[in-house]
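Student: From first to last, the protein sequence lines are chains Y, P, F and V. My numbering applies: residue 12 is where the first sequence begins, and numbers increase by one. My numbering applies: residue 12 is where the second sequence begins, and numbers increase by one. My numbering applies: residue 12 is where the third sequence begins, and numbers increase by one. My numbering applies: residue 12 is where the fourth sequence begins, and numbers increase by one.
Each statement offered as a hint is correct.
No copy labels: a pair is met if it fits in one copy or bridges any two.
Below, in silico cross-link-like pairs of lysine to any residue (SDA-like), each with a Cα-Cα straight-line distance of 25 Å or less:
id, residue 1, residue 2
1, 37, 134
2, 113, 16
3, 134, 124
4, 113, 42
5, 24, 46
6, 113, 98
7, 134, 88
8, 37, 114
9, 113, 46
10, 24, 49
11, 134, 104
12, 24, 44
13, 113, 152
14, 134, 41
15, 24, 101
16, 134, 147
17, 37, 130
18, 134, 114
19, 134, 144
20, 113, 153
21, 134, 115
22, 24, 39
23, 134, 42
24, 134, 152
25, 24, 104
26, 37, 126
27, 113, 144
28, 37, 17
Honestly, the hints are just simulated from the structure, not real lab data.
4 protein chains.
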Amino acid sequence: MDYAERIRTSFAKQGMMTTLGATLGKVSSGAVEIEMRPSPAIAQQHGFVHAGAITAIADNACGFSALSLMPEGTGVLTTEFKLNLVAPAAADLIVARGRVVKAGRTLSLCQAEVFAVSDGQEKLVALMTATMMNIVGRDGISD
Amino acid sequence: MDYAERIRTSFAKQGMMTTLGATLGKVSSGAVEIEMRPSPAIAQQHGFVHAGAITAIADNACGFSALSLMPEGTGVLTTEFKLNLVAPAAADLIVARGRVVKAGRTLSLCQAEVFAVSDGQEKLVALMTATMMNIVGRDGISD
Amino acid sequence: MDYAERIRTSFAKQGMMTTLGATLGKVSSGAVEIEMRPSPAIAQQHGFVHAGAITAIADNACGFSALSLMPEGTGVLTTEFKLNLVAPAAADLIVARGRVVKAGRTLSLCQAEVFAVSDGQEKLVALMTATMMNIVGRDGISD
Amino acid sequence: MDYAERIRTSFAKQGMMTTLGATLGKVSSGAVEIEMRPSPAIAQQHGFVHAGAITAIADNACGFSALSLMPEGTGVLTTEFKLNLVAPAAADLIVARGRVVKAGRTLSLCQAEVFAVSDGQEKLVALMTATMMNIVGRDGISD
Numbered sequence: 012m013d014y015a016e017r018i019r020t021s022f023a024k025q026g027m028m029t030t031l032g033a034t035l036g037k038v039s040s041g042a043v044e045i046e047m048r049p050s051p052a053i054a055q056q057h058g059f060v061h062a063g064a065i066t067a068i069a070d071n072a073c074g075f076s077a078l079s080l081m082p083e084g085t086g087v088l089t090t091e092f093k094l095n096l097v098a099p100a101a102a103d104l105i106v107a108r109g110r111v112v113k114a115g116r117t118l119s120l121c122q123a124e125v126f127a128v129s130d131g132q133e134k135l136v137a138l139m140t141a142t143m144m145n146i147v148g149r150d151g152i153s154d
Numbered sequence: 012m013d014y015a016e017r018i019r020t021s022f023a024k025q026g027m028m029t030t031l032g033a034t035l036g037k038v039s040s041g042a043v044e045i046e047m048r049p050s051p052a053i054a055q056q057h058g059f060v061h062a063g064a065i066t067a068i069a070d071n072a073c074g075f076s077a078l079s080l081m082p083e084g085t086g087v088l089t090t091e092f093k094l095n096l097v098a099p100a101a102a103d104l105i106v107a108r109g110r111v112v113k114a115g116r117t118l119s120l121c122q123a124e125v126f127a128v129s130d131g132q133e134k135l136v137a138l139m140t141a142t143m144m145n146i147v148g149r150d151g152i153s154d
Numbered sequence: 012m013d014y015a016e017r018i019r020t021s022f023a024k025q026g027m028m029t030t031l032g033a034t035l036g037k038v039s040s041g042a043v044e045i046e047m048r049p050s051p052a053i054a055q056q057h058g059f060v061h062a063g064a065i066t067a068i069a070d071n072a073c074g075f076s077a078l079s080l081m082p083e084g085t086g087v088l089t090t091e092f093k094l095n096l097v098a099p100a101a102a103d104l105i106v107a108r109g110r111v112v113k114a115g116r117t118l119s120l121c122q123a124e125v126f127a128v129s130d131g132q133e134k135l136v137a138l139m140t141a142t143m144m145n146i147v148g149r150d151g152i153s154d
Numbered sequence: 012m013d014y015a016e017r018i019r020t021s022f023a024k025q026g027m028m029t030t031l032g033a034t035l036g037k038v039s040s041g042a043v044e045i046e047m048r049p050s051p052a053i054a055q056q057h058g059f060v061h062a063g064a065i066t067a068i069a070d071n072a073c074g075f076s077a078l079s080l081m082p083e084g085t086g087v088l089t090t091e092f093k094l095n096l097v098a099p100a101a102a103d104l105i106v107a108r109g110r111v112v113k114a115g116r117t118l119s120l121c122q123a124e125v126f127a128v129s130d131g132q133e134k135l136v137a138l139m140t141a142t143m144m145n146i147v148g149r150d151g152i153s154d
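Modelling step: build the complete structure from the supplied sequences, incorporating the hints.
Tutor: Have a look at this one:
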C-alpha cells in the first residue's frame, strides 16, 4: 500500500473521526488536511467548536503527516502536543492542515494550523505543535 | 448560583460532552473531575481512546476548576494547553482530575491528570497543563 | 522612540543577553532575530549549547517580535512557551528567528525557529511557540 | 558510580550552570533540586530573573531526575518542555524542584516547580513539564 492508501485505511478505523463528522482532505507526502463541520454536537458551552474536537483533527493531521513519511508497517503514536487557541472557532467549516517539521528515526516534530472557513475566507483559530513516535514491532500498533 | 451549580449548567450546555458520553464527577472549589467510558465511537485506529477525547475531558476539568474560583458572570476560555500522553488509554473508565495551580486576575494555570481505571486500579495515561482566561463583559461568553 | 529603538534599548538592559554573549540581529515589524556564539560557558554536559541558552534567545526573539507591534509604553511578559529540540545545537553560530503568529489585545502568539549555522549552512535545532502578554500601567514593566 | 555521583559529575561538566551561578541541591531517586541566586547578570529588562535562566535550572532538575532512574552509561537528552510563568521571579533565591512523573523505556515525563524564596517564604513562579529521552550507544552522549 502507498502512504495515501495507508492513511485512508487508518483514518477509516477511527471511530472518533466518524463521531465528529470529520473527513480526510488533501493527503500528500509530509502534509495532511482534515475537515470538520461545526455543529451543536461538537460545541462547548458558548456554542464554539470544543477544543477537544479541534485537537482531534489537528492531532490526526499531525500524526498522518508523520505516517506518510514512515515505512509500511510502522505505527505512529502521539507522545505530546501543545495547542494554542487564538480565536473562537465558529464558521461553516474547520480545516486542520498538518505538516512534518522534522522527521526523525524515533520522533517526528509536526505542526498543524487550524482555520475557520466562512464565505471562502480563512481565519487562523489554533496552532498545534506535536511529537509523534515511530512504533515498530509492538503488537496491535501499526499503520 | 453557587459555583457547583454554574459548572453543572455550563457542562450541560456542551454538546461535545454528550457526544463523548462524558459525565461530571466530583466538583469542589478549585478541583473538578470528569469521567468517560471508552467505546469504539471515541477510539483511534488501534482501538485506544483518541487523544482528542482525552483532551476534551481534561480541558473541561481544567476550565471548570478555574471557573469554580471566578465570580458569577465571568466566562472562561482556554488559551493553550499541552498534553503529554504516557500510556495508551484502554480501560473500563477514563477519569480526568483537574485543579487550579495558580489563579490569577486574567489568567489561571491549571493541571489535569488523566487516569485509566480497570478493576478499581488507576493508571496515569496523560498529563495536561492549561492556561485559562477570565472573560468579563464579552457578549455570549459567561459561565 | 520607534519600535526598533525601543527593542534595542530593552535588549541592552538585559544582563542575561550580555552573559550569554547574545546580540540583536535583524529587527522588523513583527519579526526579530537574535544570535549567539556557542562556547563552553553556555554548554551542557555533552558540549552542546544548553537548552536554557537556546530558550533565552528564542524567548527574546518572540517577546521582541510581539513588542514591535505594541504601542510605546506597553510592556511585554512571557506567560508560557514550549520548546521542541530536534537536533543537538553544535555550530559556529546559533540564530533564533521570532515572529508574531497572531497579535491580540491582551495576548500574542509568537513562534521562533532556532538554527545552528556552520559553514553558511543552516540546520533547524529547535522550535518555540510562546504566548506574550501586553502589560499596561503596571509599575516597572514597560518596553 | 551511584546515581548521585553520576549527577554531580554531569552537573560539574555544564559550563552553563557555572555561568548562571547555579548549584545542585538535594538529589534523590527520581527527584533533584537546583538553586540559583538572582543577580543583574541573569536578569531580563525589568530586573526579574530571565525565563532562559529559569528554564536552564528547571530543565536540568527534570533531566537529572530522569537520569537518576536510568542505568549507568545511559545518556539523557531533552526532547521538549513547556514552561508556564505565573509570577515575576524576584527573590533572594530561586529553587527548581524536578521529579519524574513517569519513567519509560525510551521517554520519561518529568515536572519541575520553580519557587522564589524570600525571607524563608516560597512562592511558585513557574511550572515545567518536560520529556527526556534515554540515549544508549550514541558517541559522546552518556551520563
